[in-house]
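Undergrad: Required output: the full structure, derived from the provided sequences and hints.
Residue numbers (the numbering used here), protein chains in the order written: chain Z, 1 to 213; chain X, 214 to 321.
Just so you know, these hints were derived from the structure itself, not from any lab.
Backbone N, C-alpha and C fix where the C-beta goes; we use that ideal spot for every residue, glycine too.
Worth double-checking, as some hints may not be accurate.
Claimed, not checked - Derived coverage of chain X by chain Z (criterion: at least 3 residues anywhere in the stretch with Cβ under 8 Å from a Cβ of chain Z; other residues may be distant):
#1 244-251
#2 266-280
#3 288-300
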Amino acid sequence: MKRVATVVALAALALPSVFAAPMGFKDSWMAMGDFSPNWREGFVNFAFTARDAVGPSLLYMRSDDRLKTRDLAEVVYTRLLQRWNMPHAQANVWFIGGIGAVRGNDFSGTRAMATPGVQVDYETTRVYFSALARLYRADGINHDFASARAGFSFYEADYDEVQPWLIVEARHMRGLSADTEITPMLRLIQNRYFVELGVNNFKHVRANFMYIF
Amino acid sequence: MNKTLIPFALLVATTTGFAAESVKATVNGMVCAFCAQGIEKRLTKLDATQAVFVDLKNKIVAVEAKPDKTLDHKAITAEITDAGYDVVKLEAVSMSVQEIRAQTKAAK
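TA: Below, the structure written as structure tokens:
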């Protein structure tokens with residue numbers, strides 16, 4: 001337990017996360033979306049083992065001044081590196097890595113892009129912490145990304161009840177944004193449904209969802 | 214025997230004769246309904262499964278057998294493991310999922 005707490009604490013200091021868990025259970029498909037004016041991401045993956053998933057991802061990014069844009073299409077492999085199942089908590093370490101092609105409005109053609117990253121998370125029925133660090137590298141492009149999330153649930157809910165959470169996320173992408181985006185979000189979980197709605201410090205509305213088939 | 218008691222006695226005998234057989238598992242790591250749905254989905258697909266009940270607060274997963282079927286404890290453990298969780302205790306109980314649900318709700 002002490003070891004888990006140390007890993008999570010170090011990661012939270014050094015890194016940051018987009019999703020609660022980036023894959024579903026074995027033999028399941030998961031769809032995820034993260035939408036705001038400067039960041040639009042759609043991601044689908046299939047868990048071919050209890051620890052491995054693969055699927056396509058589309059990501060649109062825009063700079064704060066709206067002048068620079070990126071379109072990334074990639075295939076993303078997700079691996080659960082380590083999981084700690086405790087009586088009243090769960091902690092995970094994930095590898096998330098993609099290979100794809102990126103286009104931009106300030107260069108011609110398409111460039112190969114690699115996006116390796118690590119996510120850590122710790123969750124109980126009442127609190128949630130996660131951190132993600134991911135490189136977005138291509139020839140002449142460095143859009144390394146970091147995000148951190150923390151939140152709490154307003155109350156403990158049964159399996160079939162709606163559970164509301166308040167989640168705050170801070171995230172930053174090198175080369176596209178000079179500022180760190182801070183978004184407080186209302187997260188609602190009800191069995192198979194997972195949605196988040198918020199407004200960030202740029203006054204942009206943000207909406208996320210996850211669904212497992 | 215008092216005639217008024219005969220139907221009641223028959224009912225008790227019938228109920229006892231067809232008491233539902235279930236498996237109750239204590240599972241570590243179940244903290245989120247969205248993530249734990251894999252347990253329900255995987256266990257529901259088992260041939261012998263009549264009903265499934267997930268209790269996040271008490272970390273209980275209950276599986277009720279169909280009337281003419283027997284639950285495979287190893288298969289249940291494997292399905293919960295494939296859903297990403299750890300089974301720390303598994304026991305057979307002569308209760309329906311509905312009864313287990315009522316029991317845990319009453320205990321809260």
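Undergrad: Counting residues of the region 266-280 of chain X whose CB is closer than 8 Å to a CB in chain Z, do you get three or more?
TA: Coverage by chain Z holds here, the residue count being 5 at a Cβ distance below 8 Å.
Undergrad: Are there three or more residues in the region 244-251 of chain X whose C-beta lies within less than 8 Å of some C-beta in chain Z?
TA: Check passed, 8 qualifying residues.
Undergrad: With a Cβ-Cβ cutoff of 8 Å, does the region 288-300 of chain X contain at least three residues near chain Z?
TA: holds (count 6)
Going down the numbered hints, you'll see the structure goes against none, and every one checks out.
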